[in-house]
Each structure stands twice: as structure tokens, then as C-alpha cells.
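Peer 1: Each chain, letter by letter, is given below.
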Amino acid sequence: MSFERIDPDLVELDVGMDEILINVGPQHPGTHGVLRVLLRTDGELVLGAEPYIGYLHRCKEKIGENLTARQFIPYTDRLDYLAGMNMNLGWALVVEKLLGLEVPEKAKHLRVLMCELGRIASHLVAAAAMGLDLGSVTPFMYCFRERERIVDLFEAACGSRLTYNYITVGGVMADLPAGWLERCEAFCNEFEQVIPELHAVLTGNAIFIGRTAAIGVLSPETAIDFGCTGPVLRASGVDWDLRRDGEPIYTRLYDGYEFRVIAETEGTYPGAKRHPPVPQAAVVGDSWHRFYVRMLETVESLGLVRQAMARYRDSESPCGEPVKLTQKLPKGEAYLETEAPKGQMGFMVVGNGTAVPWRVRIRSSSFSNLSVLSELCRGGLVADVTAVIGSLDIVLGEVDR
Amino acid sequence: MDAQTIHGRLLERFGERIRAADLEAVDPWIEVSAASLPEVCLYLRDRLELRFNMLHCISGVDYFEGDPQRSAETGWQPHMQLLYHLSSLVYRHRLVLKVRLPRWKDGVAGELPEVPSVAHVWRTADWHEREVFDLSGVRFTGHPELRRILCPDDWEGHPLRKDYRAPDEYQGIRVR
Chain A
763 MSFERIDPDL VELDVGMDEI LINVGPQHPG THGVLRVLLR TDGELVLGAE PYIGYLHRCK
823 EKIGENLTAR QFIPYTDRLD YLAGMNMNLG WALVVEKLLG LEVPEKAKHL RVLMCELGRI
883 ASHLVAAAAM GLDLGSVTPF MYCFRERERI VDLFEAACGS RLTYNYITVG GVMADLPAGW
943 LERCEAFCNE FEQVIPELHA VLTGNAIFIG RTAAIGVLSP ETAIDFGCTG PVLRASGVDW
1003 DLRRDGEPIY TRLYDGYEFR VIAETEGTYP GAKRHPPVPQ AAVVGDSWHR FYVRMLETVE
1063 SLGLVRQAMA RYRDSESPCG EPVKLTQKLP KGEAYLETEA PKGQMGFMVV GNGTAVPWRV
1123 RIRSSSFSNL SVLSELCRGG LVADVTAVIG SLDIVLGEVD R
Chain B
15 MDAQTIHGRL LERFGERIRA ADLEAVDPWI EVSAASLPEV CLYLRDRLEL RFNMLHCISG
75 VDYFEGDPQR SAETGWQPHM QLLYHLSSLV YRHRLVLKVR LPRWKDGVAG ELPEVPSVAH
135 VWRTADWHER EVFDLSGVRF TGHPELRRIL CPDDWEGHPL RKDYRAPDEY QGIRVR
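Chain order of the listed sequences is A and B.
Per my numbering, residue 763 is the first one in the first sequence, and the count goes up by one each step.
Per my numbering, residue 15 is the first one in the second sequence, and the count goes up by one each step.
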């Protein structure tokens, strides 16, 4: 009796005979909220990953048609609820663009200060959740400890820890309380010491690199085609940041500030010497790079926070007067995108001469970033899906609106 | 390239299919006919001096005023408007394309107006067109898979239509 050796390739073909659909979510810790992903698998291989969204849909755009421009501010907090300040800013600026309003110097510095703190907080959650998705609990504790301090600062400034309603049309709701800047200064100094710790537990961690390097590689062409923005786009090597490249009404906020756009150009990141090296296994556009870009951006944001504090101290002007709740909007439409932590957040407002907008449109960055998921997961392994979702850093409040 | 020059190029190439423009608006816009939309989009994306490689957003705006008294003051005929916000990461210029559609196809209430899909020009349009279909009720012909995205599949009506009335019940559950 003789045995015939089976050609290994034949086994592969044989596996292809039975595809299995696996439903992940909407209640699944790895999907960052109520996201449902339908995986088409073949053994361990993923053939397709189709997101099903809408579980958190509240029709914010319809709500916006029934409120005045300033009344809508608290609702923007609940879009990307991990970066409420940045959402407030996006809406406030687009209404100011339609009104042709310019806020005083001091309000601008306050806005930069709050938004960059918001960016650090959001990126910390991204890093924490990504580590957790890959089975590493320690960085979650480290990151949330630091984020907690930012949230405390926000609470001291506006009384709220998650939904701030602070940056508003015409300026900000209130000036900073006494002693706030000293607390913020202390935070900056201490956070700077923590960054190497975060790098030690994640960035240079061999297991983390093994799980993320060369996983879910996004080419710059695909990223642009799918409308991916923010760290997801920059991690693919596209040097594009609205804080520098955006419309004047937004970039004027950052006039005179010094910061670098974090994107790999000519094979190196700006200021690469001060950060952990890029591992051999990582390729531009993979999950590791998306994580790394966020980590480096927190350092840039920290620099911006310090500059904003110094310039806030020096500015003499008042910090702006919020417009009347019943401020009438002129006829016409205005659209503006700002660089929110998760990507380019766009708002459109259509005015018809009354105080209530005729139409409100929200262009969500996470929405477009999520749409590329299937492209990234196809051909990978089932276990890599969570790594890819984690690296895209989506917030379902913003995807579903 | 500024909006004037882009408008000039489009007029030269597409003639009367470019319907209107307001280059002095807060965001300069150019209106094109629905049928020529994909052709104009391909031109804007592929011309070497234009290179509009990113589509940011597709929005549907319903111009319909139910109140007859106020409707007389509005100064427009009821219609749907689509806005396409484009930009070029290469040349850093921006443009808004507009398309004007009837509220209902051939004036028959309930028949959704149609416009050609641009999902083959920019992949962003895939999900955005599904959203506009879902919420504003516009049918994108040639879209690979036009189904609802934010509302449940069996939802009735299009919530961002100005004459939309939320249902009293959904799957036997009171929702009002």
C-alpha cells in the first residue's frame, strides 16, 4: 500500500471551498463602539470586511435644522465625543465664515490651547484602545491616567468633562479661571516625562510591532481616493495637515505658531532623532505607522499648547463675545473643514436669512476613514482586523452622527 | 488655480452644460447639468493642471417650503440641490460643484430624482451617495450598491426631506 503525498498548494485550494461569514459586533469591544463588521472568511484569511453602521444615528443634521447656530454647539460635542473641543471649533468657525466674523486675538489662542489639548487627549485614547485591542492592558492605564488630567483641566475651564460647549460662535464661553495656566504648565511638564514610558510599552514593544507592522497597508493613492484624512492619510506618507494647508479662516488661528506636520517624507519623520526608531518590519501606511504618527503628533501638540499659553498671557484683548443666541444667518452656504484629531471634520451651514439654518451638513472624518476598512483587511488574517480597526481610530458618534 | 480660471476651462470644454456659477460666493460654486456630472468630474480629476483628486463631501439640500405663505417669499421653485466639495491636494485649490434636480422624478411624488453616480471617479462617493440616498432621497444611477447606510433597511421615507413626517410606529414600537 502506498501513500500519495498531497501537494500543499492543493490544500490551499481546498480551503477556498468553504467561505464562512462571521458577524463581529455591534456589541463587541474590539469595534470601538456600536460598529458591526461582516467578515467573509476562508479559514484564517479575510476575504472581505464590510462595515454596517448607523446604530448610533441620531440625525444630527435634522436636529440642526431646528436650532439656532449657537444652540447647535452642544450637539457637536456629541459627534466625536473624545474631542468635543475640536468639534465645537469646527461648527463655530463655519458659522463665523458665513457671518464674516473674526474673533479677537485672545480667543484664538484659547481655541488653539483647548483644541491641541483635545488632540492630545484623543490621541491618548487612540493609543490606549489600540493597545487594548491587541491584548495589552498596561498602556490603557498609562494613557487614561494622562487623559484624566486633561479632562480635569477642561472641567476647570468650562465645568464639563466630556461635552464642553466651550468654544462658541464669536469666541469662547468664558475666560480661564485663576490658576489654570499653572495647572496646565504642570501637566505639560509631567506629560513630557511620560511620553518615553508610552513609547516603551507600545512603540518599541516587540509584540506590538509584530501585531501591527506591515498589517493593513494603505497606499497614498487609495487613501486619497477614499477620502481618508488626518493621521490615517499622513501615515501613508502624504504631507497634508489643514492647520497648515487649510482655508485662511482656520489657518489664521495658527499664524505665528511653530509646529511640524508629522508625515514620513523622503524616508524619515521630522525630528526623528528624538523619537524611537521605525522598526525594520514596518512599511509606510501600515497600522504601526498610523499609531506612530499619532504618538509624534501629541509631542507637536504639546509644543503648541505651550506656545498658546505664552501667547495667551501676552495678549491684551478680551476673549470675545459669543454672538446672540438668535443671531440671524445670511442667505448662502459655507463649508469648512478643520483638522480634528481623527481627520478632517467638515461642517456646512446653509442660511436663509433667519436664525435657524436651512440645512446643516456634517462631513465626518471617521466615516470616510472607516470606508477603507475592507480594502485594508482583505487578504489579511482574522486576528488583524482588530489591529486595523484600532489603527483607524474611529468614533462611532461621529461615523453615525 | 482660482475659481475664475477653472470656470473658464469648464465653459470652454462643456459649453452650455455648465449651467450657472457664483464665483463671488463664500465658497465659489459652479452648477453643472445632472447628465454631464460624471464627465465633468472625470475632467476635473484627470486634467493635469486641475487634478481634483479628493472628494470631501456630497450633500443634498431640499429646497421645499411647505407653508404657502412663506413659500411665496422664498423666491425659488421647489427643487433638490446636490453639492460636491472637491479639492486638489496637489495644487491646493478647492471647488464646489452643484447639481439641480427636481424634487421628484417627472413630478410624480414618491419617484426619486436621478443623477449619475460618481463612485467610479472617487471612492469616497460610494458611502456618501448611499447616505444622500438614505437621508435626502436621491437615486444615484450606476452606483455599485445603492442601499440605506444610516437608517435601517426597512425604514420608510427620507428624513432630511423638508416634507418628511416621522412614523408613529416602527416594527410595532411607538417611536413618537
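Read the hints as simulated data drawn from the structure, not as lab findings.
For each residue, glycine too, the CB sits at the ideal point set by N, CA and C.
Among these hints, one or two may not hold up.
As the list claims (entries may be wrong) - Derived lysine-lysine pairs resembling BS3-like cross-links, with alpha carbons at most 25 Å apart:
{"no.": "1", "chain 1": "B", "residue 1": "K119", "chain 2": "A", "residue 2": "K1086"}
{"no.": "2", "chain 1": "B", "residue 1": "K176", "chain 2": "B", "residue 2": "K112"}
{"no.": "3", "chain 1": "B", "residue 1": "K176", "chain 2": "A", "residue 2": "K1093"}
{"no.": "4", "chain 1": "B", "residue 1": "K112", "chain 2": "A", "residue 2": "K1086"}
{"no.": "5", "chain 1": "A", "residue 1": "K1035", "chain 2": "A", "residue 2": "K824"}
{"no.": "6", "chain 1": "B", "residue 1": "K176", "chain 2": "A", "residue 2": "K822"}
{"no.": "7", "chain 1": "B", "residue 1": "K112", "chain 2": "A", "residue 2": "K1093"}
{"no.": "8", "chain 1": "A", "residue 1": "K1086", "chain 2": "A", "residue 2": "K859"}
{"no.": "9", "chain 1": "A", "residue 1": "K1086", "chain 2": "A", "residue 2": "K822"}
{"no.": "10", "chain 1": "B", "residue 1": "K176", "chain 2": "A", "residue 2": "K1090"}
{"no.": "11", "chain 1": "B", "residue 1": "K112", "chain 2": "A", "residue 2": "K824"}
{"no.": "12", "chain 1": "B", "residue 1": "K176", "chain 2": "B", "residue 2": "K119"}
{"no.": "13", "chain 1": "A", "residue 1": "K1093", "chain 2": "A", "residue 2": "K859"}
{"no.": "14", "chain 1": "A", "residue 1": "K824", "chain 2": "B", "residue 2": "K176"}
{"no.": "15", "chain 1": "A", "residue 1": "K859", "chain 2": "A", "residue 2": "K1035"}
{"no.": "16", "chain 1": "B", "residue 1": "K119", "chain 2": "A", "residue 2": "K859"}
Said to hold, decoys possible - Only some residues are given here: those of chain A computed to face chain B with a beta carbon under 7 Å:
{"no.": "17", "residue": "G816"}
{"no.": "18", "residue": "Y817"}
{"no.": "19", "residue": "H819"}
{"no.": "20", "residue": "C821"}
{"no.": "21", "residue": "F953"}
{"no.": "22", "residue": "G989"}
{"no.": "23", "residue": "K1093"}
{"no.": "24", "residue": "A1117"}
{"no.": "25", "residue": "R1125"}
As the list claims (entries may be wrong) - Stretch-level coverage of chain B by chain A, calculated; a stretch enters the list once three of its residues show a Cβ under 8 Å from a Cβ in chain A:
{"no.": "26", "region": "33-46"}
{"no.": "27", "region": "57-71"}
{"no.": "28", "region": "89-103"}
{"no.": "29", "region": "165-174"}
Peer 1: With a cut-off of 7 Å on the beta carbons, see whether R1125/A makes it to chain B.
Peer 2: holds (4 Å)
Peer 1: Are 3 or more residues of the region 33-46 of chain B near chain A, judged by a Cβ distance of less than 8 Å?
Peer 2: holds (count 3)
Peer 1: Is the Cα-Cα distance between K176/B and K822/A 25 Å or less?
Peer 2: holds (15 Å)
Peer 1: Checking hints one by one. Is G816/A an interface residue toward chain B, by the C-beta closer than 7 Å rule?
Peer 2: holds (4 Å)
Peer 1: Should the interface hint for G989/A be scored as holding, given a Cβ-Cβ cut-off of 7 Å against chain B?
Peer 2: holds (3 Å)
Peer 1: A closest beta-carbon separation below 7 Å is what the hint needs, so does A1117/A meet it against chain B?
Peer 2: Violated, because the Cβ-Cβ distance from A1117/A to chain B comes to roughly 15 Å (cut-off 7 Å).
Peer 1: Closer than 7 Å between Cβ atoms is the bar; does F953/A clear it against chain B? Give me holds or violated.
Peer 2: With Cβ-Cβ at 32 Å, over 7 Å, it is violated.
Peer 1: Holds or violated: are the alpha carbons of K176/B and K119/B at most 25 Å from each other?
Peer 2: Since the Cα atoms of K176/B and K119/B sit roughly 17 Å apart, the hinted pair holds (cutoff 25 Å).
Peer 1: Tell me if the straight-line CA distance from K119/B to K859/A falls inside 25 Å.
Peer 2: Status violated; Cα separation ~35 Å.
Peer 1: Quick one, are K176/B and K1090/A close enough, alpha carbons at most 25 Å?
Peer 2: Given pair K176/B, K1090/A holds - Cα atoms ~20 Å apart, limit 25 Å.
Peer 1: Does K824/A sit within 25 Å of K1035/A, going by the straight-line distance between their CA atoms?
Peer 2: Status violated; Cα separation ~49 Å.
Peer 1: Verify the proposed pairing of K1086/A with K859/A, using a straight-line Cα cut of 25 Å.
Peer 2: holds (16 Å)
This entry does not satisfy hints 1, 4, 5, 15, 16, 18, 21, 23, 24, going by the numbered hints stated previously.
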